[in-house]
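Undergrad: With chain A fixed as given, assemble chains B, C and D onto it according to the hints.
Sequence lines, in order, name chains A, B, C and D.
What the first sequence shows, in the numbering used here, is residues 5 to 285, in sequence order.
What the second sequence shows, in the numbering used here, is residues 5 to 285, in sequence order.
What the third sequence shows, in the numbering used here, is residues 5 to 285, in sequence order.
What the fourth sequence shows, in the numbering used here, is residues 5 to 285, in sequence order.
One should not assume that every hint holds.
Straight-line C-alpha distance at most 16 Å; calculated EDC-like pairs for lysine to aspartate or glutamate [said to hold, decoys possible]:
hint, chain 1, residue 1, chain 2, residue 2
1, A, LYS22, C, GLU60
2, C, LYS22, A, GLU60
3, C, LYS22, A, ASP146
Now the in silico label distances, taken between C-beta atoms and shown as ranges [unchecked claim]:
hint, chain 1, residue 1, chain 2, residue 2, range
4, D, ARG150, A, SER144, 52 to 60 Å
5, D, ASP250, A, THR50, 53 to 61 Å
6, D, ASN280, A, ASP116, 40 to 48 Å
7, C, GLU269, B, SER144, 37 to 45 Å
8, A, THR50, C, THR50, 33 to 41 Å
9, D, ASP250, A, MET69, 25 to 33 Å
10, D, GLU269, A, THR50, 42 to 50 Å
11, D, ASN280, A, ASP243, 20 to 28 Å
12, C, ASP250, D, ASN280, 15 to 23 Å
13, B, GLN36, D, SER51, 16 to 24 Å
14, D, ASN280, C, LYS98, 30 to 38 Å
The hints are simulated quantities; they were obtained by calculation from the structure and are not laboratory data.
Where is the CB? At the ideal position from N, CA and C, for every residue including glycine.
One-letter residues, chain by chain:
There are 4 protein chains.
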Amino acid sequence: MNLDVQRKVLRTICPDAKGLISKITNICYKHQLNIVQNSEFVDHHTSQFFMRTELEGRFNDETLMADLNDALPEHSVCELHSTGKQKIVILVTKEAHCLGDLLMKSAYGGLDVEIAAVIGNHDTLKTLVERFDIPFHLVSHDDLTRDEHDRQMIAQINHYQPDFVVLAKYMRILTPNFVQHYPNQVINIHHSFLPAFIGAKPYHQAYTRGVKIIGATAHFVNDNLDEGPIIMQDVIHVDHTYSAEDMMRAGRDVEKNVLSGALFEVLSQRVFVYGNRTVIL
Amino acid sequence: MNLDVQRKVLRTICPDAKGLISKITNICYKHQLNIVQNSEFVDHHTSQFFMRTELEGRFNDETLMADLNDALPEHSVCELHSTGKQKIVILVTKEAHCLGDLLMKSAYGGLDVEIAAVIGNHDTLKTLVERFDIPFHLVSHDDLTRDEHDRQMIAQINHYQPDFVVLAKYMRILTPNFVQHYPNQVINIHHSFLPAFIGAKPYHQAYTRGVKIIGATAHFVNDNLDEGPIIMQDVIHVDHTYSAEDMMRAGRDVEKNVLSGALFEVLSQRVFVYGNRTVIL
Amino acid sequence: MNLDVQRKVLRTICPDAKGLISKITNICYKHQLNIVQNSEFVDHHTSQFFMRTELEGRFNDETLMADLNDALPEHSVCELHSTGKQKIVILVTKEAHCLGDLLMKSAYGGLDVEIAAVIGNHDTLKTLVERFDIPFHLVSHDDLTRDEHDRQMIAQINHYQPDFVVLAKYMRILTPNFVQHYPNQVINIHHSFLPAFIGAKPYHQAYTRGVKIIGATAHFVNDNLDEGPIIMQDVIHVDHTYSAEDMMRAGRDVEKNVLSGALFEVLSQRVFVYGNRTVIL
Amino acid sequence: MNLDVQRKVLRTICPDAKGLISKITNICYKHQLNIVQNSEFVDHHTSQFFMRTELEGRFNDETLMADLNDALPEHSVCELHSTGKQKIVILVTKEAHCLGDLLMKSAYGGLDVEIAAVIGNHDTLKTLVERFDIPFHLVSHDDLTRDEHDRQMIAQINHYQPDFVVLAKYMRILTPNFVQHYPNQVINIHHSFLPAFIGAKPYHQAYTRGVKIIGATAHFVNDNLDEGPIIMQDVIHVDHTYSAEDMMRAGRDVEKNVLSGALFEVLSQRVFVYGNRTVIL
Numbered sequence: 005m006n007l008d009v010q011r012k013v014l015r016t017i018c019p020d021a022k023g024l025i026s027k028i029t030n031i032c033y034k035h036q037l038n039i040v041q042n043s044e045f046v047d048h049h050t051s052q053f054f055m056r057t058e059l060e061g062r063f064n065d066e067t068l069m070a071d072l073n074d075a076l077p078e079h080s081v082c083e084l085h086s087t088g089k090q091k092i093v094i095l096v097t098k099e100a101h102c103l104g105d106l107l108m109k110s111a112y113g114g115l116d117v118e119i120a121a122v123i124g125n126h127d128t129l130k131t132l133v134e135r136f137d138i139p140f141h142l143v144s145h146d147d148l149t150r151d152e153h154d155r156q157m158i159a160q161i162n163h164y165q166p167d168f169v170v171l172a173k174y175m176r177i178l179t180p181n182f183v184q185h186y187p188n189q190v191i192n193i194h195h196s197f198l199p200a201f202i203g204a205k206p207y208h209q210a211y212t213r214g215v216k217i218i219g220a221t222a223h224f225v226n227d228n229l230d231e232g233p234i235i236m237q238d239v240i241h242v243d244h245t246y247s248a249e250d251m252m253r254a255g256r257d258v259e260k261n262v263l264s265g266a267l268f269e270v271l272s273q274r275v276f277v278y279g280n281r282t283v284i285l
Numbered sequence: 005m006n007l008d009v010q011r012k013v014l015r016t017i018c019p020d021a022k023g024l025i026s027k028i029t030n031i032c033y034k035h036q037l038n039i040v041q042n043s044e045f046v047d048h049h050t051s052q053f054f055m056r057t058e059l060e061g062r063f064n065d066e067t068l069m070a071d072l073n074d075a076l077p078e079h080s081v082c083e084l085h086s087t088g089k090q091k092i093v094i095l096v097t098k099e100a101h102c103l104g105d106l107l108m109k110s111a112y113g114g115l116d117v118e119i120a121a122v123i124g125n126h127d128t129l130k131t132l133v134e135r136f137d138i139p140f141h142l143v144s145h146d147d148l149t150r151d152e153h154d155r156q157m158i159a160q161i162n163h164y165q166p167d168f169v170v171l172a173k174y175m176r177i178l179t180p181n182f183v184q185h186y187p188n189q190v191i192n193i194h195h196s197f198l199p200a201f202i203g204a205k206p207y208h209q210a211y212t213r214g215v216k217i218i219g220a221t222a223h224f225v226n227d228n229l230d231e232g233p234i235i236m237q238d239v240i241h242v243d244h245t246y247s248a249e250d251m252m253r254a255g256r257d258v259e260k261n262v263l264s265g266a267l268f269e270v271l272s273q274r275v276f277v278y279g280n281r282t283v284i285l
Numbered sequence: 005m006n007l008d009v010q011r012k013v014l015r016t017i018c019p020d021a022k023g024l025i026s027k028i029t030n031i032c033y034k035h036q037l038n039i040v041q042n043s044e045f046v047d048h049h050t051s052q053f054f055m056r057t058e059l060e061g062r063f064n065d066e067t068l069m070a071d072l073n074d075a076l077p078e079h080s081v082c083e084l085h086s087t088g089k090q091k092i093v094i095l096v097t098k099e100a101h102c103l104g105d106l107l108m109k110s111a112y113g114g115l116d117v118e119i120a121a122v123i124g125n126h127d128t129l130k131t132l133v134e135r136f137d138i139p140f141h142l143v144s145h146d147d148l149t150r151d152e153h154d155r156q157m158i159a160q161i162n163h164y165q166p167d168f169v170v171l172a173k174y175m176r177i178l179t180p181n182f183v184q185h186y187p188n189q190v191i192n193i194h195h196s197f198l199p200a201f202i203g204a205k206p207y208h209q210a211y212t213r214g215v216k217i218i219g220a221t222a223h224f225v226n227d228n229l230d231e232g233p234i235i236m237q238d239v240i241h242v243d244h245t246y247s248a249e250d251m252m253r254a255g256r257d258v259e260k261n262v263l264s265g266a267l268f269e270v271l272s273q274r275v276f277v278y279g280n281r282t283v284i285l
Numbered sequence: 005m006n007l008d009v010q011r012k013v014l015r016t017i018c019p020d021a022k023g024l025i026s027k028i029t030n031i032c033y034k035h036q037l038n039i040v041q042n043s044e045f046v047d048h049h050t051s052q053f054f055m056r057t058e059l060e061g062r063f064n065d066e067t068l069m070a071d072l073n074d075a076l077p078e079h080s081v082c083e084l085h086s087t088g089k090q091k092i093v094i095l096v097t098k099e100a101h102c103l104g105d106l107l108m109k110s111a112y113g114g115l116d117v118e119i120a121a122v123i124g125n126h127d128t129l130k131t132l133v134e135r136f137d138i139p140f141h142l143v144s145h146d147d148l149t150r151d152e153h154d155r156q157m158i159a160q161i162n163h164y165q166p167d168f169v170v171l172a173k174y175m176r177i178l179t180p181n182f183v184q185h186y187p188n189q190v191i192n193i194h195h196s197f198l199p200a201f202i203g204a205k206p207y208h209q210a211y212t213r214g215v216k217i218i219g220a221t222a223h224f225v226n227d228n229l230d231e232g233p234i235i236m237q238d239v240i241h242v243d244h245t246y247s248a249e250d251m252m253r254a255g256r257d258v259e260k261n262v263l264s265g266a267l268f269e270v271l272s273q274r275v276f277v278y279g280n281r282t283v284i285l
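Bound-form chain A, shown alone (with noise of 0.2 Å):
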């Protein structure tokens, strides 16, 4: 293989239209990359088209967005991945088994990610973030408002310049600040499904309304308190012997099996956001 050819994702949202297909692909065979795998979905009801289209072959990203922003309709958005290891940021408290996976995932596989720092409000969990080699911040909230420790988490997050931050149990709900930092870049796991039990302590919410199901859900952040687009949800059965804290203990695995997958697909490029829904193609 000639060490010029690269793979990489074309990702396309815009306004239907017809020939839409037609258009991109006919650009990316004069520019003769190999479509690899391609998906498409049209929303019918917001008219929106959107593409993922993982390209291999000799890029010249200029001229090949050029075309492609000639040839689309307005409002189009169109951007083109490296499909190399990305890195992210992880939040924590002091909770471990959704940083555990991840630390896992990247370290012996499952995750293409390069975790590059994990930032906590508490220091719990420094010596397993050491044991893989990893820097741990801590970042107290003792004696700061809210703005002001979200202005140091973002220096801190800054630092690093992740292309996701990744909230891993982080217990503490963040400032708009914080939030639109990063746009759709902030993805978070909420423990139950969505949108039941919204807010703190939801299995013992969950315990107290007597479900059968308990769930984990992960979403990206917004200004809304875990009303974020969610990316992914799962659950398991549970019943009349379950205490909260067995709902928790069993919940941990759904949690982490959640915010991993969802991560993976994000990682992939495969996670479209538009209002306050995902596209996963």
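TA: Using the frame of chain A, we list chains B, C and D on its own:
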């Protein structure tokens, strides 16, 4: 097998105390009843004891119950149920899938139940019901107050003296008067994973929220809409290609399975209600 | 909407090559056909390209297909399907649950299909079928060789010219002659999670093996028993309290859901067979 | 709470007979032991009775067991287990995911277990194990017969006197000699939904067969490869886009969850083995 040998289910709920299992099983042993299956549960939060005992032998109901009531603490509830075929009345509106599943299972195996009658507030499903040689009654709500309509429903139901009333997509809210007539005897299927999407049009709510899982919940009906004790829940995965209508179509299979499944447990005398929860033994 | 506007599904299978999507969508665009939904897949092991294109517009079938055949490589298979109601014939023996689900969904929504007839080698299900005003034919295998019986079945089936033949718990092994009559047109439900428990009495095999999950498999029928291309599979959890009979009862819901689900995909022209596999677009 | 008050688990297996529950619970009551949780099961095929009783109080083990042995029929097995932390030794080869999950859960919650040591036939996972401050031993099989290697493994394991030996993707077939050393004490994770795809490379077998579901099975190891008593199984759905490698990646999460889940049940003294089956109480 001697004709006098019968199988019955003994259900006990009482405050927890030392020696309860021993006391109850001693009495069964003394009565020369064989324990075919036994399950018990202690809710340590409320110190409540639950036991379901499937017994085989020659029963003297009166002396058995007297012995048990002597031995058990105050505030105990002890019931002895025959295991023969029980009777239900089904309420419907226009949707056929849950009703159809119950008709099929009652006629061809899967549910050991007699469907005494089906009552609809529309006559859409009359033909389907009559195909299975079961009486259908139309109790239209046209020109009736909700109270008056429910009174007519109660009159029609009581004509059959059912053990349980099953709401197989009966799309009306019941009056407190109706609910009080059948305490822990009315089973409803709600077309969402409660407590998410309470109320009307849950699939449209689910679509709007962009969830990745939809579900169904079978529960006993109490005075608070969609808040009665949950018996069974299940879910299926959906993705961005599902419209609200697609969710509705896919959800129907979950709804009917969950309703049939919950009814199966209830008819097996396995479901105990306490507060807003169920114990299933 | 103009009366001439139609919706059709174009299905393409061909050796993979650069520019295929572009070529096919160009032709659709040239014919002023709107792509409502498009999916494609390349099997990189066998270099096979699959594409399903749902089109809307005024069709000139002849010129469209001619243009496509000109543009596509040798050994391409290109089919244009109408999206109207398709016809099936169902074969049964004695079990009602899969048949009942198909009858219900055909009559009351869930499957856009015409059940032309049901044919049984026993008459157990005659009444059920006739309740839904559908012809039932008994083709008894008494005193017939397997070949002769299958010939009579074929004759009876061909009378209706169905698009697909559905084996809804038809408990006989088909002759190669039968199978060759309906290539990739016969859909079977096997009551196990294939390839576990091939052959007869899978629930008894499952019980004996002490499994904790049971399942069902819908597949196209080919010459090797239970080894045709799999369309859909699902499972449920069981435990030590399940006898083989309990597994059978619980498994029925999985069987019927999987068979209906597989048929839904097949009728939507989404299922492509190649070798012993299916691609579902 | 008085220091002498302890919690223990009483496990009984015996031929079924009238009055067993009554006899056992009477003796517990007589010993002033409180039953915290009780479960029992009768296998009516083999007339075998199983009971798990979680007891709290001041134990006189000797007189309690003597009373029980007096009361129970011949061929009864009655065991009293402490509920303290148990000890395991883990065997590995090169794959990290199951091991990592056990290390995380042992260190950070989820499994109340002491990992005494990890033994590998390769040293690939040495660093990971030592990160968690647990001894790792390499017992290479180079230049050794299978018998000799297993003898060295046994020697190394016995040094730690573990309650259970966990095969966390240990990719070697054990000799009968090894298996006999640890009857019902060796727990394996097999990376398929047994009995499908016994033996090596199950994901490649699954890919070739074109299945739509893949799974994992945790089982006790006996003399027949992959045929020991099954403790837990689970599956995930896959589709035509999954290569064998994709199945392998996705399957890892199922494998680790099923192994951890099975171990949790075993450590809770809930799993009873009889013949080739398990009862989980």
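Undergrad: Now tell me, hint by hint, if it's right for this structure.
TA: Do the hints match the structure? See the list:
{"no.": "1", "hint": "A:LYS22 - C:GLU60", "in the structure": "holds, 11 Å"}
{"no.": "2", "hint": "C:LYS22 - A:GLU60", "in the structure": "holds, 11 Å"}
{"no.": "3", "hint": "C:LYS22 - A:ASP146", "in the structure": "violated, 60 Å"}
{"no.": "4", "hint": "D:ARG150 - A:SER144: 52 to 60 Å", "in the structure": "holds, 56 Å"}
{"no.": "5", "hint": "D:ASP250 - A:THR50: 53 to 61 Å", "in the structure": "violated, 31 Å"}
{"no.": "6", "hint": "D:ASN280 - A:ASP116: 40 to 48 Å", "in the structure": "holds, 41 Å"}
{"no.": "7", "hint": "C:GLU269 - B:SER144: 37 to 45 Å", "in the structure": "holds, 40 Å"}
{"no.": "8", "hint": "A:THR50 - C:THR50: 33 to 41 Å", "in the structure": "holds, 37 Å"}
{"no.": "9", "hint": "D:ASP250 - A:MET69: 25 to 33 Å", "in the structure": "holds, 30 Å"}
{"no.": "10", "hint": "D:GLU269 - A:THR50: 42 to 50 Å", "in the structure": "holds, 48 Å"}
{"no.": "11", "hint": "D:ASN280 - A:ASP243: 20 to 28 Å", "in the structure": "holds, 27 Å"}
{"no.": "12", "hint": "C:ASP250 - D:ASN280: 15 to 23 Å", "in the structure": "holds, 18 Å"}
{"no.": "13", "hint": "B:GLN36 - D:SER51: 16 to 24 Å", "in the structure": "holds, 18 Å"}
{"no.": "14", "hint": "D:ASN280 - C:LYS98: 30 to 38 Å", "in the structure": "holds, 31 Å"}
In the structure shown, a violation is registered for the earlier hints numbered 3, 5, in ascending order.
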